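Engineer: Go ahead and model the full structure; you've got the sequences and the hints to work with.
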Amino acid sequence: MTSTIRQMTTKGTPYFFLLPGLVILGALLSVPLYKVVEYSLYDNVIVERNPTYVGLANYQTLLTDPGYWSAGLNTLLFTVGSVLGHMVVGIGLALLVNADIAPRARTFFRSMLVLPWIFTAVVVALNWQLLLNPFGLINYILQWMGLTTEPLDWLGDPNLAMWSLLLISTWRGYPFIMVSFLSGLQTVPRELYEAAEIDGAGFWSKFWHVTLPQLKPVIYGVALLDLIWTFQLFPLVWLSTGGGPGRATEVLSTLTFRLAFVDFQFSQAATVAVSILIISAAFTLLYLRNEARRL
Amino acid sequence: MIKTRMTAFALAAATALTPLAAQGEIEWLQWFAAENTDGFYDELVADFEAKHPDITVKLVTQPFGKVRESIVTDSAIGVGSDVLGLNMPWTKEFLDIGILEPLDDYLARDDNSFATGDLVEAPLGKIDGHTWMVPLNAFPFVMHVNMGLVREAGFDAPPATWAELSAQTSAISALQDGTSGIGMPFSSQPPSNGPILTFLPLLYANGGRIMDGTTPNFDNPKVVETLQYLKDMNDAGGMAPGAASRTGGVDLEEFIAGRTGFLISPGVHSSSITSRNPELDYTLVRVPSNGENAYRVHGWEIGISADSANKEDAWTFVNYLLSPEVNARAAKAANALPGNLKALDAVREGADETLIKQMDILSGDTPVEEMRQSPKAVGSWSVMTEEIQAMLRGDQTPAETATAVQARWIELAK
Amino acid sequence: MSRIEIRNLVKMYGAHQALHGIDISIQPGEFCVLVGPSGCGKSTTLRMVAGLETISGGEVSIGDRVVNGLRPKERGIAMVFQNYALYPSKTVYNNMAFSLQLSRMPKPEIERRVREVAEILELTPLLDRKPGALSGGQRQRVAMGRAIVRDPKVFLFDEPLSNLDAKLRGQMRAEIKRLHQRLENTIIYVTHDQVEAMTLADRIVIMRDGRIEQQGTPDEIFHDPDTVFVAGFMGSPPMNLVDCMVTPDGLKLGDSEITCATPNGLRAGERVICGIRPDDIRPASDMTADMTADTAHSAPITVPINLIEQLGTEKLVHFSAGDHEMIGKTGGRVTMAEGAPHPMSFDMKHAYFFDPKSEKRIR
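Protein chains in written order, with the working numbering: chain A, 1 to 295; chain B, 1 to 414; chain C, 1 to 363.
Simulated from the structure, these hints should not be mistaken for lab results.
Quick caveat, the model's predicted, so the values are computed rather than measured.
Worth double-checking, as some hints may not be accurate.
Pairs of lysine-lysine, DSSO-like flavour, derived with a Cα cap of 27 Å [as the list claims (entries may be wrong)]: (1) C:167 / C:73; (2) C:130 / C:90; (3) A:206 / C:107; (4) C:252 / C:349; (5) C:130 / C:107; (6) C:90 / A:206; (7) C:90 / A:216; (8) A:216 / A:206; (9) B:332 / B:58; (10) C:315 / C:167; (11) B:126 / B:342; (12) A:216 / C:130; (13) B:66 / B:414; (14) C:130 / A:206; (15) C:177 / A:206; (16) B:51 / B:332; (17) A:35 / B:66; (18) C:167 / C:130; (19) B:66 / B:342; (20) A:35 / B:414; (21) B:357 / B:311; (22) C:360 / C:349; (23) A:206 / C:349.
Sample of chain A residues at the chain B side, in silico, Cβ under 8 Å [unchecked claim]: (24) 129; (25) 246; (26) 263.
Positions of the beta carbon are idealized from the N, C-alpha and C atoms, including for glycine.
Structural biologist: The following block contains the structure:
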């Protein structure tokens with residue numbers, strides 16, 4: 001009897017030490033999660049002292065709201081475009097800074113190219129607003145090169161705003177991909193490149209037949225991770241365009257914020273948040289499965 | 001989503017940690033101290049505490065952009081501050097949530113340090129039958145003028161009428177690449193409030209209004225006329241290109257840097273303009289009008305939280321802030337005009353020309369502030385922003401714009 | 001089949017000189033093995049022939065062309081790497097077909113060639129597998145197959161068997177030899193394993209510290225070494241190399257004296273390095289017909305036996321002669337006691353003498 005108890009205490013001790021952490025983590029995760037879902041089932045909360053339970057009515061409203069669908073489409077465009085941009089630029093630059101050049105120059109380029117990552121979204125947004133301004137540097141260069149005759153309002157024209165946002169997002173997000181690929185590239189055995197060279201492969205053949213297949217697991221994992229992050233990215237969009245002009249760059253995260261803190265429609269906002277949660281969770285499951293398979 | 005989660009968690013945490021506000025301790029949430037770097041508000045609080053040893057004031061400072069959110073969420077979870085720094089356009093929204101304490105009874109007291117009649121009137125106007133806030137300070141919307149560009153364009157005086165403004169903006173824009181007559185910040189980027197910064201002052205100077213009591217009334221001839229005026233000015237090239245992506249911050253910076261001839265914004269900006277670019281040949285004038293001397297008034301207001309446990313102490317503090325002597329100091333610290341007009345003389349002493357001009361506007365013209373009556377003020381000006389963007393793009397006529405704003409605003413207010 | 005000429009080849013890594021003027025002339029169809037300890041420059045030489053390392057000085061020509069400035073694919077070579085370097089994402093078929101696909105050869109021709117080579121290498125059942133699903137020996141064969149399908153003028157092997165276990169290595173060695181007999185290509189083969197060198201080569205080039213120590217046929221290298229290094233490098237167990245003093249009648253080795261003809265040009269009292277293979281030192285009781293043929297060269301001395309190593313068909317006899325640890329041999333069935341002194345007979349007819357200073361052979 002006593003030995004059983006002693007055994008239990010001995011076995012339980014590690015878990016006892018884990019307990020505070022588990023409780024805090026659990027509370028930090030589960031309470032807000034639960035609350036958001038709960039909020040989405042009421043007519044309105046926070047600004048409403050006596051909320052009424054309305055079941056799935058908010059979801060119904062949401063699914064019939066063209067604004068939601070257009071934000072959803074924008075989110076899809078923004079997410080896929082950003083991830084593609086990150087991938088292409090990230091891989092390209094990773095290849096460049098992996099090149100066999102003077103070590104000092106290589107270190108210099110590597111650190112320079114990681115810079116966009118360390119700026120906060122506010123700084124990034126502000127800088128790009130200035131660059132993309134009708135009187136800004138980019139318009140100046142385009143006109144000087146004779147590519148455009150009139151200055152373009154990159155962030156203010158509904159036909160250009162999403163592209164400009166994608167440009168900003170690509171600039172801001174590629175370093176993570178670049179760094180991931182760089183470490184991936186360094187694990188590709190040199191002999192494979194040499195074998196390919198002897199087999200007659202040029203730069204692109206080596207890239208397609210050696211580099212890409214070797215990086216495939218990294219690409220898949222990193223792309224999914226990027227997808228999850230970008231899908232719910234808020235500050236960069238909000239600070240660069242605020243979802244505008246009109247609602248040309250409104251994504252689900254900015255819609256959530258707008259509903260909550262501009263319109264005080266907290267329940268409706270929670271409903272959008274839950275929809276983001278569901279899609280993010282699906283991506284996350286994919287990601288975890290991929291990681292598990294790699295182990 | 002993150003915000004919502006944070007709110008939710010705060011709510012959960014707060015239920016466990018109901019605030020045990022000590023007797024005689026009040027909290028003052030505001031953004032004023034964030035816009036003042038020399039520690040004036042700490043001194044103010046210290047001075048108050050010295051005079052009222054039984055009350056302590058906790059200064060809670062946040063940037064302007066955060067205060068509205070904080071007031072709403074704090075109040076929802078029962079940790080709201082006692083004294084609140086307020087912005088007039090928020091009034092109706094906050095009333096609907098029940099955040100504010102009616103101030104009528106407090107204002108009617110005999111032992112107040114001020115006379116209610118001396119206060120700037122705009123924020124006092126009753127909504128739902130009560131007065132909800134008092135003015136710490138006030139400033140009119142004015143038009144800042146780059147006299148250098150005006151002269152370069154061949155004029156010797158700033159524009160006083162709409163026609164003169166049109167002529168001068170076009171002329172200044174024609175001067176050289178990168179120079180524009182006037183900036184219009186109609187970006188969707190938060191706070192996305194370009195229309196209330198520029199469109200409303202022009203509308204009021206044209207004798208127009210957008211509210212009928214607490215009902216939106218955007219679809220009227222004066223509004224259409226004013227919109228048409230903006231459109232014409234834009235089509236004529238008088239307006240800086242890229243209005244749809246221009247933020248208020250950029251607009252101010254561009255003026256300070258000397259790249260725009262005119263800037264319509266609160267008079268309080270004159271101090272940053274002159275301090276940031278002393279070389280600028282600068283003056284300010286009332287917003288050009290069509291003979292109508294009405295201006296949009298703005299200011300920093302003070303209210304008391306309906307949930308406050310220390311309303312008496314809170315009023316003692318508000319009462320202190322409004323006394324002519326303290327109010328004059330506060331106005332000077334913000335480079336604004338006092339909310340208590342009894343303090344005007346004290347402020348006038350040693351004031352510069354631009355402040356004197358603002359005083360003239362304040363004393364002679366009709367102050368207007370409509371957003372305070374608007375249900376969903378913030379949402380409504382976002383709507384105005386989006387529709388004006390579409391108009392300037394050429395997607396819709398001014399009349400269609402007015403109709404669209406009205407329809408969406410009504411929808412929003414439901 | 002091409003002749004390969006390497007003339008005065010030099011490799012610099014910054015200020016460090018890795019190769020000091022290598023000259024090798026390889027006949028068409030010849031199997032040339034570069035052998036030496038790690039760091040001797042053999043792999044560098046091979047990679048310079050392949051075009052994977054730049055040439056700092058000298059000249060490499062394949063066939064009639066100087067290839068210094070040519071890219072690897074233009075040199076008409078194929079290479080087999082130590083770690084196989086198979087493309088992990090490609091099937092065996094595509095690994096072998098890749099170079100042909102890159103050269104835009106018609107598909108049916110590719111198919112024909114790959115299948116033919118796969119048949120030779122017994123890879124046909126594995127063609128659809130990926131390298132990850134193959135054993136080490138199979139991968140090695142795929143790597144060779146990949147080289148063979150291109151029908152190159154020259155094969156380059158960079159330690160191709162070093163990742164295989166001893167048994168497989170033996171098999172593959174034989175397979176490579178057979179392939180060479182069949183294909184008759186010119187081959188340069190790098191290894192650090194002297195057995196591979198001996199068994200495979202038409203010509204062995206022994207390298208040391210970026211220089212060629214000796215080159216010749218396996219017989220020449222083994223039985224007629226030019227230097228102490230070559231003598232010690234080839235053969236297992238290695239040749240006994242002992243520092244001796246020349247006496248009027250032979251050599252003084254520790255306390256004992258071995259009777260033999262005085263090495264050419266040396267006088268009594270001079271020092272000399274004497275090299276004698278373990279095969280040529282036998283217990284006196286175990287004299288074979290071969291050794292007794294000329295007893296004048298054979299002089300038994302009695303030495304303490306330290307250790308007997310049983311190898312099966314033969315035994316290695318470790319003994320001390322003065323300060324020197326030496327190894328002799330005896331038949332696998334002979335019984336000898338460890339720890340006891342025993343007379344050992346030296347077949348001095350097959351001994352080599354080297355100058356202790358220059359380490360060069362005294363002939």
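Engineer: Are the Cα positions of residue 206 of chain A and residue 107 of chain C separated by 27 Å at most?
Structural biologist: holds, 21 Å
Engineer: Does the structure keep residue 360 of chain C and residue 349 of chain C at a Cα separation of 27 Å or less?
Structural biologist: holds, 19 Å
Engineer: Between residue 51 of chain B and residue 332 of chain B, is the straight-line Cα distance small enough, at 27 Å or below?
Structural biologist: holds, 21 Å
Engineer: Take the C-alpha atoms of residue 90 of chain C and residue 206 of chain A, compute the straight-line distance between them, and say whether it is at most 27 Å.
Structural biologist: Between residue 90 of chain C and residue 206 of chain A the Cα gap is close to 13 Å, so the pair holds against 27 Å.
Engineer: Check the hint pairing residue 252 of chain C with residue 349 of chain C against an upper bound of 27 Å on the C-alpha distance.
Structural biologist: holds, 16 Å
Engineer: For residue 130 of chain C and residue 206 of chain A, compute the direct alpha-carbon distance and say whether it is at most 27 Å.
Structural biologist: It holds: about 19 Å lies between the C-alpha atoms, which stays within 27 Å.
Engineer: Between residue 130 of chain C and residue 107 of chain C, does the CA-CA distance stay at or below 27 Å?
Structural biologist: holds, 21 Å
Engineer: Would the hint linking residue 177 of chain C and residue 206 of chain A be met if the CA-CA limit is 27 Å?
Structural biologist: At roughly 32 Å apart (the allowed maximum being 27 Å), residue 206 of chain A and residue 177 of chain C break the hint.
Engineer: Would the hint linking residue 167 of chain C and residue 130 of chain C be met if the CA-CA limit is 27 Å?
Structural biologist: holds, 24 Å
Engineer: For the pair supplied as a hint, residue 315 of chain C and residue 167 of chain C, is the alpha-carbon distance within the 27 Å limit?
Structural biologist: holds, 22 Å
Engineer: Using 8 Å as the Cβ threshold, decide whether residue 246 of chain A counts as touching chain B.
Structural biologist: holds, 5 Å
Engineer: For the pair supplied as a hint, residue 357 of chain B and residue 311 of chain B, confirm whether the alpha-carbon distance does not exceed 27 Å.
Structural biologist: violated, 38 Å
Comparing the model with each numbered hint stated earlier shows that hints 1, 15, 19, 21 and 23 do not hold.
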